[in-house]
Amino acid sequence: MTGNDPFTNALAGMDNAESVGHLSYTVEPASNIIGSVLEVLYDRGYVDGFQYVDDGKAGKFEVELKGAINECGAVKPRYSAGADEFEKWEKRYLPARDYGTLIVTTSHGVMSHYEAREEGIGGQVIAYVY
Numbered sequence: 007m008t009g010n011d012p013f014t015n016a017l018a019g020m021d022n023a024e025s026v027g028h029l030s031y032t033v034e035p036a037s038n039i040i041g042s043v044l045e046v047l048y049d050r051g052y053v054d055g056f057q058y059v060d061d062g063k064a065g066k067f068e069v070e071l072k073g074a075i076n077e078c079g080a081v082k083p084r085y086s087a088g089a090d091e092f093e094k095w096e097k098r099y100l101p102a103r104d105y106g107t108l109i110v111t112t113s114h115g116v117m118s119h120y121e122a123r124e125e126g127i128g129g130q131v132i133a134y135v136y
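Numbering of the sequence shown is given in the numbering used here, commencing with residue 7 and proceeding in unit increments.
These are calculated hints, taken from the structure and not from any lab test.
Misleading hints may appear alongside valid ones.
[Unchecked claim] Derived EDC-like pairs: lysine to aspartate or glutamate, alpha-carbon spacing no greater than 20 Å straight-line:
no. : residue 1 : residue 2
1   : K66       : D11
2   : K72       : D21
3   : K72       : D54
4   : K94       : E124
5   : K82       : D11
6   : K66       : E34
7   : K97       : E121
8   : K72       : E45
9   : K97       : E124
10  : K94       : E125
11  : K66       : D54
12  : K66       : D21
13  : K94       : D104
14  : K63       : D11
15  : K94       : E77
16  : K82       : D21
17  : K97       : E77
18  : K94       : E121
19  : K72       : D49
20  : K63       : E34
Given the sequences, and given the hints that come with them, work out the whole structure.
Right, dumping it as structure tokens:
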């Protein structure tokens with residue numbers, strides 16, 4: 007049985023696959039937001055790579071795991087955070103300062119909270135990973 011939120015299911019599935027030692031995971035169905043989050047995870051070094059596969063339906067992502075994720079998950083509800091408010095959300099979702107990443111959707115696209123802080127823009131906190 008599947009849940010109603012593909013984004014949350016994708017993150018929970020990757021977290022579960024990492025915890026049991028799998029080297030790959032298939033995210034179904036694919037979406038733009040999942041693809042953008044996978045790009046952030048790749049840029050921050052949490053996954054080795056990912057590839058979109060068109061299966062004639064919604065598509066899927068084949069993700070190569072590297073064992074770097076201790077925990078990841080979606081943030082529900084999606085909280086708005088200003089450029090100077092990320093520390094508050096780091097305290098809530100990450101285990102220590104400068105350990106892990108909050109994933110934020112902004113008017114400039116999906117990025118880590120480090121990039122958003124650098125650019126001085128806020129957004130909505132949608133996920134965390136460490």
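Taking the hints in turn, this is what the structure says about them:
Of the supplied pair hints, the one linking K66 and D11 holds, its CA atoms being roughly 15 Å apart against a limit of 20 Å. With a CA separation close to 12 Å, the supplied pair K72 and D21 stays within the 20 Å bound. Between the alpha carbons of K72 and D54 the distance comes to roughly 6 Å, so the proposed pair stays at or under 20 Å and holds. Of the supplied pair hints, the one linking K94 and E124 holds, its CA atoms being roughly 17 Å apart against a limit of 20 Å.
Taking the CA atoms of K82 and D11, the gap is near 11 Å; set against the 20 Å cutoff, the hint holds. This hinted pair checks out: K66 and E34 have alpha carbons roughly 5 Å apart, not beyond 20 Å. For the suggested pair K97 and E121, the alpha carbons sit about 18 Å apart, so the restraint of at most 20 Å is met. Distance check on the hinted pair: K72 and E45 sit about 15 Å apart at the alpha-carbon level, within 20 Å; holds.
For the suggested pair K97 and E124, the alpha carbons sit about 19 Å apart, so the restraint of at most 20 Å is met. Taking the CA atoms of K94 and E125, the gap is about 18 Å. The hint holds against a cut of 20 Å. For the proposed pair K66 and D54, the alpha carbon gap of about 17 Å is at most 20 Å, so the pair holds. Taking the CA atoms of K66 and D21, the gap is about 17 Å. The hint holds against a cut of 20 Å.
The hinted pair formed by K94 and D104 meets the criterion: a straight-line CA distance of about 13 Å does not exceed 20 Å. Straight-line distance between C-alpha atoms of K63 and D11 comes to about 17 Å, which keeps the hinted pair within the 20 Å bound. Among the hinted pairs, K94 with E77 is consistent with the structure: their alpha-carbon atoms are about 19 Å apart, no more than 20 Å. Simply put, K82 and D21 have alpha-carbon atoms about 17 Å apart, close enough for the 20 Å limit, and the pair holds.
The suggested pairing of K97 with E77 holds, with an alpha-carbon distance near 15 Å, which does not exceed 20 Å. Pair hint K94 plus E121 holds up; C-alpha atoms about 16 Å apart against a cutoff of 20 Å. At most 20 Å may separate the alpha-carbon atoms for a hinted pair to count; K72 and D49 meet this at roughly 13 Å. Using a Cα cut-off of 20 Å, the hinted pair K63 and E34 holds, with the two alpha carbons roughly 10 Å apart.
Checked against the numbered hints given earlier, the structure satisfies every one of them.
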